[in-house]
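First to last, the protein sequences are chains A and B.
With the numbering used here, the residue at position 49 of the first sequence is 69, and numbering never jumps.
With the numbering used here, the residue at position 24 of the second sequence is 25, and numbering never jumps.
Note that these hints are calculated values from the structure, not bench results.
Note that the coordinates shown come from a computational prediction; the quantities given were computed from them, not determined experimentally.
Wrong hints could be hidden among the right ones.
[Stated by the list, open to error] Ranges between beta-carbon positions, derived for each pair:
id	chain 1	residue 1	chain 2	residue 2	range
1	A	Pro47	B	Glu49	45 to 51 Å
2	A	Pro328	B	Asp28	51 to 57 Å
3	B	Thr3	A	Ser299	56 to 62 Å
4	B	Thr78	A	His336	39 to 45 Å
5	A	Ala151	B	Pro9	35 to 41 Å
6	A	Asn121	B	Lys57	51 to 57 Å
7	A	Glu219	B	Gly71	28 to 34 Å
8	B	Lys57	A	Ala212	39 to 45 Å
9	B	Asp28	A	Ile231	41 to 47 Å
10	B	Gly71	A	Glu72	31 to 37 Å
11	B	Pro9	A	Trp206	31 to 37 Å
12	B	Leu12	A	Pro82	32 to 38 Å
Built from N, CA and C at the ideal position, the CB exists for glycine as well.
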Amino acid sequence: MTIVNERKLTIARAMAEAMAQEMRIDPAVFVMGEDIAQLGGVFGNTRGLVDEFGKDRVRDTPISETGFISAAVGAAMDGMRPVVELMFVDFFGVCFDAIYNLMAKNIYFSGGHVTVPMVLMTSTGGGYSDAGQHSQCLYGSFAHLPGMKVVSPSNAYDAKGLMTAAIRDNSPVIFMFHKGLQGMGWLGTEAAANVHVPEDAYEVEIGKAAIAREGSDVTIVSIAMGVHHALKAAKVLEAEGISTEVVDLRSLVPLDRDTVRASVRKTGRLIVVDEDYHSYGVSGEIIATVCEAGDITLKAPPRRIAYPDVPIAYAHGMEQFCLPNPEKVAAAAREICRTAVPA
Amino acid sequence: MTTDIRIPEDLYDGDEESVITAWLASDGATVKEGALIAEIMTAKVQNEMTAPASGKLTILKQQDEVVAKGTVIGQIT
């Protein structure tokens, strides 16, 4: 189906468009972070905002996450709706108290009297040799702690919808965007992330996964970049007679366990692709979700393709060896689809 | 009538090569004159190209291809 007046956006443009549209209708929304004004964001996600809304609403900050993330929490508690950027998720260490102890918990500690309607957007992911402090995903670290919603889009349509939903949500939302999907060239390009995006504002429901590809032999569950690895593997597998279903989680919190379970109930086989560290994270959570359902029969043990439990190397060969990729996903699918089904 | 989509001389400073980092419309799609259709990157700077005419887009140079000023990257018919 050809779209009349097709308008593909990169995820970066989609995020900026969502912020601009919300800022036009709600004066409480403002954006803050390092290099998000003049430069339009090092990842292109705030381009054009300072020109339209000015420096009071689009604020460049000093390199002091401890200060400005805390300031965003205070502003949100005081009636504003900040969208604040933590440039690299790896930097969360210096401001995590403001995130998981204040932002996430103040509504509970105040008996519901004080809400913290803020969006914390942050870049994740590696693959371009930016080493151990600039390449992490840390999905599990944020998803594990109660009190904050966590989303991560795999394409521009979801990016705009999730950002709009996040800004309108009265709960704190962590919006994680994978660097390799932004459309920034030097971070790697993924053409499949650039899709048609409607001009009007719309929401993508937070907490709802999407079936990125339907299939019947094996379910691959992932988020952000992992979805693209799964889709590429699925194409290769199709030619080999293996029908792959790909689930794009889109949200980690709330987690759409029903969609995951329904898919594995159908296929009987599960692979989780997770660019975050292997242990104690998203991949384990998805597998546990399926195993504890009680009415799902697995035809093979579940598999996870995740980053090993080791700091991310700077050396190109070492990092590429560790990262999930379509070849690893396809190899795992072949193995579990050819395992004899227990009688 | 065919209109070339050519990387203009004034798109960026210098004569270095650049890379098409994103096509913002699909091959065969209908585009409007003035609509954003491609992002061209040099070093770490992104540049934008708009459609020089309205009509059907034919992509000649793909995403990730290295191009230069004067390169015809697509056509509109």
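- Item | Hint numbers contradicted by this structure | Violated hints (numbers, rising): 1, 2, 8, 9 and 11; every other hint is consistent with the structure.
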